[in-house]
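Please put together the full structure from these sequences, using the hints given.
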Amino acid sequence: MKCHHCESQATVHLTQIINGQMHKMDLCEACAQEKGVTNPDNLSIGSLLSEDQSKVGAGSASMTCESCGTTHQDFKKGGRLGCEACYHVFRPVLEPLLDGMHAGIKHLGKVPSRTVIKKGEQENEELLRSQLKQAVEEENYEKAAELRDRLKKLMTQSSASA
Amino acid sequence: MFHDLFFSKTKGKLPKPGPITLSTRVRLARNLSNFPFPGRAQSGQKKAVLSKCLEALGKVKSLDACTSVELDELSELDRQILVEKHLISVELSQADESGGVVLSNDRACSVMVNEEDHLRIQVLTNGLDFKKVWKLADLLDSGIESNLDYAFDQELGFLTACPTNLGTGMRASVMMHLPGLVMSKNMDKVINAVNHLGIAVRGLFGEGSDASGSIFQISNQQTLGESESDILERLESTLQNIVYQERMAREKLMEDDGTRLIDKISRAIGSLKTCYLIQSSEAMDLLSLIRLAADFGHLPEKFRALADRMFIEVQPGHVQLSAGQPIEPGERDRLRADTLRKEFQRMPQLNLDAQVD
Numbered sequence: 001m002k003c004h005h006c007e008s009q010a011t012v013h014l015t016q017i018i019n020g021q022m023h024k025m026d027l028c029e030a031c032a033q034e035k036g037v038t039n040p041d042n043l044s045i046g047s048l049l050s051e052d053q054s055k056v057g058a059g060s061a062s063m064t065c066e067s068c069g070t071t072h073q074d075f076k077k078g079g080r081l082g083c084e085a086c087y088h089v090f091r092p093v094l095e096p097l098l099d100g101m102h103a104g105i106k107h108l109g110k111v112p113s114r115t116v117i118k119k120g121e122q123e124n125e126e127l128l129r130s131q132l133k134q135a136v137e138e139e140n141y142e143k144a145a146e147l148r149d150r151l152k153k154l155m156t157q158s159s160a161s162a
Numbered sequence: 001m002f003h004d005l006f007f008s009k010t011k012g013k014l015p016k017p018g019p020i021t022l023s024t025r026v027r028l029a030r031n032l033s034n035f036p037f038p039g040r041a042q043s044g045q046k047k048a049v050l051s052k053c054l055e056a057l058g059k060v061k062s063l064d065a066c067t068s069v070e071l072d073e074l075s076e077l078d079r080q081i082l083v084e085k086h087l088i089s090v091e092l093s094q095a096d097e098s099g100g101v102v103l104s105n106d107r108a109c110s111v112m113v114n115e116e117d118h119l120r121i122q123v124l125t126n127g128l129d130f131k132k133v134w135k136l137a138d139l140l141d142s143g144i145e146s147n148l149d150y151a152f153d154q155e156l157g158f159l160t161a162c163p164t165n166l167g168t169g170m171r172a173s174v175m176m177h178l179p180g181l182v183m184s185k186n187m188d189k190v191i192n193a194v195n196h197l198g199i200a201v202r203g204l205f206g207e208g209s210d211a212s213g214s215i216f217q218i219s220n221q222q223t224l225g226e227s228e229s230d231i232l233e234r235l236e237s238t239l240q241n242i243v244y245q246e247r248m249a250r251e252k253l254m255e256d257d258g259t260r261l262i263d264k265i266s267r268a269i270g271s272l273k274t275c276y277l278i279q280s281s282e283a284m285d286l287l288s289l290i291r292l293a294a295d296f297g298h299l300p301e302k303f304r305a306l307a308d309r310m311f312i313e314v315q316p317g318h319v320q321l322s323a324g325q326p327i328e329p330g331e332r333d334r335l336r337a338d339t340l341r342k343e344f345q346r347m348p349q350l351n352l353d354a355q356v357d
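Those sequence lines, one after another, are chains D and V.
Take the first sequence: its letter number 3 is residue 3 in the numbering used here, and every next letter is one higher.
Take the second sequence: its letter number 298 is residue 298 in the numbering used here, and every next letter is one higher.
What the hints contain is simulated information worked out from the structure, not anything from laboratory work.
Incorrect hints may have been included.
The list that follows gives simulated cross-link-like pairs (lysine-lysine, DSS-like), each with its CA atoms no further than 30 Å apart [said to hold, decoys possible]:
1) D:Lys143 to D:Lys153
2) D:Lys153 to V:Lys61
3) V:Lys59 to V:Lys132
4) V:Lys135 to D:Lys153
5) D:Lys143 to V:Lys132
6) V:Lys252 to V:Lys185
7) D:Lys152 to V:Lys185
This is the structure in structure tokens:
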């Protein structure tokens, strides 16, 4: 199968449902990267297609996740979201629900280490401190030492930039 | 056969269940980044998730001795057996494609793939021990995460298919035997009270199952807005309160109308020794009374262990397995009765001089 944009072998195969219509697209790795396909947050086949065909309208005004096709109606009916991007799309309707469902609306638990490393610059002092406190309470000294080092690094970075 | 692999007896490896709390479990819901959740995923995406997860799980050190199985390879009976052993959920057992499970050989850990979420990491132990179970689950989770990218949001935590699992993705639960509260008709009150604290009470097999055998699964309902240790602490203090209420209820039953209770227990022994046809729910209720008698000291301790083992053995899938061939429900009731008669044949008379627990 050939890439939609160039002649290379397509390795990324996208399927999206937009306004109830299924759209498929095959891309090579390089084009997929270039079009931001690897980041589902702002991925839309609609916008990819419209570059070439300019006939597919942008996402409709009604709430639909362009990444997986879940509609507000689907969510209301089944109570489940379809993918991580849904959490951005449905945030406005989700927030009041979460308030009633949970003890709070901000995550205060474990943070996956890879996520923190990946978003290193966004490392949050407050979050690190609370994790450190928890690690000490749990007598998980190995983890505590790692967190302490990260906190130290963050402090030197911020004082250097200041 | 598949079940021979897991279902040989693991004697003495796990701590003994306590009188009231049978077991503790922590379950973490996780999803991979860049893949739709299983409910929305295409067949190919599910397959990709399964192979990615199995590969990542294969690299986890704490899962050294484990077996991984794709659900497609299992017969319906195998799946049912895993459900009855609480190793997989009913939902996963009904998965149509690309469902998988990795089980540690000591059966303490199981990781389900492509259930409601891409990964459901579960750690189980006997008795009440949240600290140990959480530590193991945390370690296992970190091990898996070092080989995969999780769907995670700084504000909302781990992103799950159902927003009720959002945040920590952690559901901690215990299995409790509460015959005192059931017989004194106080269980509804307890359920109402703990519901207000964000804690759920369900039957033996989770959502929608009944409470035969007076066994209940009690778990946190809220997963966002608190740290894992805060959730566990709050749950544990509620559970200790329930244990206290159960003890009080048992004492009061014995004090107010001890003869009636002894009569019930003694008749349960009679039924177990003499039945020729028995359904699983009746069997569970009789076994619950045997367990209670052991707690009171009216029967030797080993009968509590026997009752606990039989709670699982009387389940439909296990009876079917012991038959070695497909059988009708009526035949199952006969076979179940045969097993119980044999197991309880040597049960002694109640020792009524024993101290009340």
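We went through each hint and held it up to the structure:
Our distance criterion of 30 Å between C-alpha atoms is met by Lys143 of chain D and Lys153 of chain D, whose separation comes to about 15 Å. Taking the CA atoms of Lys153 of chain D and Lys61 of chain V, the gap is about 29 Å. The hint holds against a cut of 30 Å. Simply put, Lys59 of chain V and Lys132 of chain V have alpha-carbon atoms about 22 Å apart, close enough for the 30 Å limit, and the pair holds. A distance of roughly 27 Å separates the Cα atoms of Lys135 of chain V and Lys153 of chain D; the hinted pair therefore holds under the 30 Å criterion.
Proximity of Lys143 of chain D to Lys132 of chain V is assessed by CA-CA distance (about 16 Å); at most 30 Å being required, the pair is judged to hold. Of the pairs offered as hints, the one joining Lys252 of chain V and Lys185 of chain V holds, with about 12 Å between alpha carbons and a cut-off of 30 Å not exceeded. As the CA atoms of Lys152 of chain D and Lys185 of chain V are separated by approximately 57 Å, the hinted pair breaks the 30 Å bound.
Violated hints amount to a single one, hint 7; each of the other numbered hints is respected by the structure.
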